[in-house]
Amino acid sequence: MENTPIYIKINEKIAVTNPKIYIKDVAKVYCRDNTIAKKVQNIVIGTIMEDENTKIVYSIMYVIDKITREFPNTHIVNMGEEDFVVEYLVKPKFRKCAKCMKIIKLIILSLIVFFGAGFTIMTFNSDVDVAHVFDKVNKLVLGERKGHKVIEIAYSVGIGIGILLFFNHFSRRKANKQPSPIHVEMRTYEKDVSTAIIQDASRQGAIKDI
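Heads up: the sequence shown begins at 1365 in my numbering, then just goes up one per residue.
Worth flagging that the hints you see were computed from the coordinates, not collected in a lab. Hints may be right or wrong, so weigh each one.
Have a look at the derived ranges for each label pair, beta carbon to beta carbon [claimed, not checked]: (1) Gln1563 with Val1454: 23 to 29 Å; (2) Gln1563 with Glu1416: 21 to 27 Å; (3) Gly1526 with Ala1560: 46 to 52 Å; (4) Val1494 with Glu1416: 47 to 53 Å; (5) Lys1384 with Met1486: 18 to 24 Å.
Computed cross-link-like contacts, SDA-like style, restricted to lysine to any residue with a CA-CA straight-line distance of at most 20 Å [as the list claims (entries may be wrong)]: (6) Lys1384 with Lys1455; (7) Lys1373 with Asn1442; (8) Lys1430 with Lys1455; (9) Lys1388 with Val1454; (10) Lys1430 with Ile1546; (11) Lys1430 with Ile1420; (12) Lys1392 with Pro1369; (13) Lys1419 with Thr1368; (14) Lys1572 with Met1425; (15) Lys1377 with Lys1419; (16) Lys1572 with Pro1369; (17) Lys1392 with Glu1414; (18) Lys1469 with Phe1488; (19) Lys1403 with Thr1432; (20) Lys1513 with Leu1528; (21) Lys1469 with Met1550; (22) Lys1419 with Lys1513; (23) Lys1466 with Val1454; (24) Lys1402 with Ile1385; (25) Lys1430 with Asn1489; (26) Lys1419 with Lys1403; (27) Lys1403 with Ile1420; (28) Lys1384 with Lys1430; (29) Lys1388 with Lys1572; (30) Lys1402 with Ile1424; (31) Lys1572 with Lys1469; (32) Lys1419 with Ile1574; (33) Lys1384 with Lys1555; (34) Lys1500 with Leu1475; (35) Lys1384 with Arg1433; (36) Lys1377 with Ile1412; (37) Lys1384 with Asn1367; (38) Lys1555 with Lys1455; (39) Lys1419 with Ala1565.
Keep in mind that this is a model prediction, so the values were computed, not measured. Built from N, CA and C at the ideal position, the CB exists for glycine as well.
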């Protein structure tokens, strides 16, 4: 067991629901000795006492210290982040109420997005004078300036189809396997938030470290 290598990989942000945090909750552990790997996974790195959702920043050095105290004759190889955020999510006491609140929030958000997007499209059309453009197209194609309802309908349908194709979603199916632009932006936002939380904790000296 002399200098036995233990590989650990931790992501930048991990969500947990158990107040007692084990290494297996936040990290992937690999060791050629399965017995050591299982024991390492069951090491407790902290206990959250708060009764509400909270975020705690840990340093990889803190985790390494916990492991080496139990297994001094091992060599820890970090394959993940140097600092990471553990988000503790309190289990709702009333699951039905929590589910109803999620549905209500989803409906409100959908309405805001729907009317907001509609207002944005209308203001854009007004700024570029789409009606005048339709008049010109109708004049060139049909020789008339009025009665371009077909063009308006095709334009409206085309916007909807374009949005579905752009965001790469139609119900549960995808046009291709590539992540949609909204997914890319969400992942970028999540990473920026985690980085900001870690930097703030570092400045405040609130990182769990050795």
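Going through the hints against the structure:
no., hint, verdict
1, Gln1563 with Val1454: 23 to 29 Å, "holds (25 Å)"
2, Gln1563 with Glu1416: 21 to 27 Å, "holds (23 Å)"
3, Gly1526 with Ala1560: 46 to 52 Å, "violated (34 Å)"
4, Val1494 with Glu1416: 47 to 53 Å, "holds (50 Å)"
5, Lys1384 with Met1486: 18 to 24 Å, "violated (54 Å)"
6, Lys1384 with Lys1455, "holds (14 Å)"
7, Lys1373 with Asn1442, "holds (6 Å)"
8, Lys1430 with Lys1455, "violated (27 Å)"
9, Lys1388 with Val1454, "holds (19 Å)"
10, Lys1430 with Ile1546, "violated (39 Å)"
11, Lys1430 with Ile1420, "holds (17 Å)"
12, Lys1392 with Pro1369, "holds (14 Å)"
13, Lys1419 with Thr1368, "violated (33 Å)"
14, Lys1572 with Met1425, "holds (9 Å)"
15, Lys1377 with Lys1419, "holds (10 Å)"
16, Lys1572 with Pro1369, "violated (24 Å)"
17, Lys1392 with Glu1414, "violated (26 Å)"
18, Lys1469 with Phe1488, "violated (28 Å)"
19, Lys1403 with Thr1432, "holds (12 Å)"
20, Lys1513 with Leu1528, "violated (23 Å)"
21, Lys1469 with Met1550, "holds (18 Å)"
22, Lys1419 with Lys1513, "violated (55 Å)"
23, Lys1466 with Val1454, "holds (15 Å)"
24, Lys1402 with Ile1385, "holds (15 Å)"
25, Lys1430 with Asn1489, "violated (61 Å)"
26, Lys1419 with Lys1403, "violated (26 Å)"
27, Lys1403 with Ile1420, "violated (24 Å)"
28, Lys1384 with Lys1430, "holds (15 Å)"
29, Lys1388 with Lys1572, "holds (18 Å)"
30, Lys1402 with Ile1424, "holds (19 Å)"
31, Lys1572 with Lys1469, "violated (34 Å)"
32, Lys1419 with Ile1574, "holds (19 Å)"
33, Lys1384 with Lys1555, "violated (25 Å)"
34, Lys1500 with Leu1475, "violated (35 Å)"
35, Lys1384 with Arg1433, "holds (19 Å)"
36, Lys1377 with Ile1412, "holds (16 Å)"
37, Lys1384 with Asn1367, "violated (29 Å)"
38, Lys1555 with Lys1455, "violated (24 Å)"
39, Lys1419 with Ala1565, "holds (10 Å)"
In terms of the numbered hints stated before, the structure departs from hints 3, 5, 8, 10, 13, 16, 17, 18, 20, 22, 25, 26, 27, 31, 33, 34, 37 and 38, listed from lowest to highest.
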